[in-house]
Each structure stands twice: as C-alpha cells, then as structure tokens.
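S.K.: Sequence:
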Amino acid sequence: YENDFNSTIDDFLMTGFSIITASGFDDGGLNTKHPYESPDQDNKTLEYIAQLKIPIILKESDSYMIFDNIALVEPGEAGTNFGDEKFWDYVIVEGSKNEGITWQPIADGYDCRKHTSWLTRYNSAISGNNSTATGTPSLFEPNMINLLGSGNFSGGDTILIRFRLFSDPYANGWGWIIDNLKIQGSVSSVYNILQEKTIIKVYPNPIRDQFNIETSFPTPINELDISVLDLTGRIILKKQITVNGQFATETIDLSEAQNGLYLIKLKAGNHIWYKKVMKVKY
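Start counting the sequence shown at -15; every next residue gets the next number (my numbering).
Simulated from the structure, these hints should not be mistaken for laboratory data. Note that beta-carbon positions come from the ideal geometry of N, C-alpha and C, so glycine has one too. Don't take each hint at face value.
[What the hints assert, rightly or not] Calculated pairs, DSS-like style, for lysine-lysine (alpha carbon to alpha carbon, straight line, at most 25 Å): (1) K185 / K259; (2) K37 / K223; (3) K70 / K166; (4) K259 / K166; (5) K263 / K251; (6) K185 / K70; (7) K70 / K81; (8) K70 / K37; (9) K28 / K70; (10) K43 / K259; (11) K259 / K223; (12) K166 / K263; (13) K17 / K81; (14) K185 / K81; (15) K43 / K223; (16) K43 / K17; (17) K251 / K81; (18) K37 / K81.
[Said to hold, decoys possible] Simulated restraints, written as ranges between beta carbons of each label pair: (19) A241 / D68: 26 to 32 Å; (20) P202 / E69: 50 to 56 Å; (21) I225 / I4: 31 to 37 Å; (22) E(-14) / V264: 26 to 32 Å; (23) K70 / P190: 39 to 45 Å; (24) I41 / P190: 35 to 41 Å; (25) K70 / S111: 33 to 39 Å; (26) K17 / E69: 48 to 54 Å; (27) D10 / F231: 23 to 29 Å; (28) Q194 / G84: 41 to 47 Å; (29) K70 / S45: 33 to 39 Å; (30) F66 / D10: 29 to 35 Å.
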C-alpha cells in the first residue's frame, strides 16, 4: 500500500484526522486537528484515529512501513519511556489481527522528544500549559518501522493498521502529520513521473565501512539532503550537500555503525527517494 495523500481518497476511517494540505504546507498529508485538543478535565483523555480500511498481509521478511512525519505533541517527563505514567501525550502505529476488536503496538509510541528539532519547535512557543508552535515542512523526519519488530505480529498475519494520537487531560500542541506512506512497498520506488527520470545508485551493497551515492537528475538541483536510518527509525547520519547541476556524488562513512540493514533517504526539493543498504562483516 502506498499513499502520498495528494488526493482525498476514501482509504481511511478517521476520527480527528483529515487528508488536507495544512497551513504552510505545499501538498496534502494525513493530519490530526491543528492544534489537537486536550480534555482539560482530570481523568479524561482523547484519541484521534486514522484506520486504514485495507487489510495488510505481512511478509515473512522485508516487512516494513515508512513514512515522513512531524509530531508536535506534549513531551513526557525527562527520562520517561513509552508506557510510563508520566509519558503524557504520544502518537503510535498499531495493528489488529481480529478485525479491529483489539489493537497492539506495531512499534512504541513517541512524542516530540523523538527529534531535537521537534522538541525545540514545541518549546519555542508555550502559552500556559500548551504549545502554540506550528509545524513547517522543514520539520519532516522519516520513520521506518519493522512490522514484525514488536513481536506482536508474524509473517503471514493479516492485520489492520491504524495511526493514533493520545491526548491526556491538559497540555496540547500542534499535532501530527503523516506523508509519503509506504507499507511493504519497494523502498527504492519513486513517487511520480518526474522521479522516474532520476537515477540513484548506491554501491557497494552490502558494505563494509563506506558506500557511494551517485545521482543523475533530469533538471539541475541546488541541494541534496541525505539521511541514514536504522531499523528503529533513528537517524544515525544526516548531511546536506551542494549540487551544481544534474549530477552528484557522495561517500558515506558507516564505519562506526553496527552491522545490519539501513535505510537511505535522499531529498531534493519536494522529491524523495529511498534505498536500502546492508552492512555486514567480511
């Protein structure tokens, strides 16, 4: 399943979510209300939910979900983790094996502490208990989730998937936006016809310490953003290079990284490409 949310298709059951172009953004996304709400009453909570109507049959291997997102939601207390009492608000991706009767985490929930840029933005405009800071396209961060990684699901399971924002009694912020969703698709595929004319080479693969990126674009670009993510979605390397024309080359050093699978995200303007590399011992 793939969705760039640039049309209002009827693939989701939504409560508190909508597929819109948010203020300050250039194209559509799956958005919670901005700002999202809090109950402002002891022992009351709110949930915003977007459930994909289409069941997903999980692959035995290479079963991943990737999407870009911004989550400006209330941070938990310092040192708390998902599931702790004082984790406060969070966003989470969940799955159900019994047609939505019960739901289990596909990966742990998170808040604006997941990325420093989100936390800085959230804290930049506090009014009372709430943050009035708004999301901007520069805050987008990729998230890669192993659909089998939580142990709650296995290859061959048919599951429903939903995105959920949990809001506790008081503080709130701008909310959550999701874009460029790909579930078990080829992470090296492209999003539109313009990108089909772009050539991306990543080699060697598998790698030992370093790999090379070579790109050829149909039109000149000025900058190329490169991110390397591990299987938890953590960004282990991020850099921006200047491109003078239609061609770019760059060497990436992963000598300090552990062996395993990594996702390479390349971004030029509004265009995004994904590639995978495997680091192995020789």
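S.K.: With reference to the structure, classify each hint as holding or not holding.
M.R.: Going through the hints against the structure:
no., hint, in the structure
1, K185 / K259, "holds, 9 Å"
2, K37 / K223, "violated, 37 Å"
3, K70 / K166, "violated, 32 Å"
4, K259 / K166, "holds, 13 Å"
5, K263 / K251, "holds, 22 Å"
6, K185 / K70, "violated, 45 Å"
7, K70 / K81, "violated, 29 Å"
8, K70 / K37, "violated, 32 Å"
9, K28 / K70, "holds, 15 Å"
10, K43 / K259, "holds, 19 Å"
11, K259 / K223, "holds, 16 Å"
12, K166 / K263, "holds, 23 Å"
13, K17 / K81, "violated, 28 Å"
14, K185 / K81, "violated, 38 Å"
15, K43 / K223, "violated, 32 Å"
16, K43 / K17, "violated, 33 Å"
17, K251 / K81, "violated, 35 Å"
18, K37 / K81, "holds, 13 Å"
19, A241 / D68: 26 to 32 Å, "holds, 29 Å"
20, P202 / E69: 50 to 56 Å, "holds, 53 Å"
21, I225 / I4: 31 to 37 Å, "holds, 33 Å"
22, E(-14) / V264: 26 to 32 Å, "holds, 29 Å"
23, K70 / P190: 39 to 45 Å, "holds, 42 Å"
24, I41 / P190: 35 to 41 Å, "violated, 28 Å"
25, K70 / S111: 33 to 39 Å, "violated, 22 Å"
26, K17 / E69: 48 to 54 Å, "violated, 26 Å"
27, D10 / F231: 23 to 29 Å, "holds, 26 Å"
28, Q194 / G84: 41 to 47 Å, "holds, 46 Å"
29, K70 / S45: 33 to 39 Å, "holds, 37 Å"
30, F66 / D10: 29 to 35 Å, "holds, 32 Å"
Of the numbered hints given earlier, the model fails hints 2, 3, 6, 7, 8, 13, 14, 15, 16, 17, 24, 25 and 26; all others are met.
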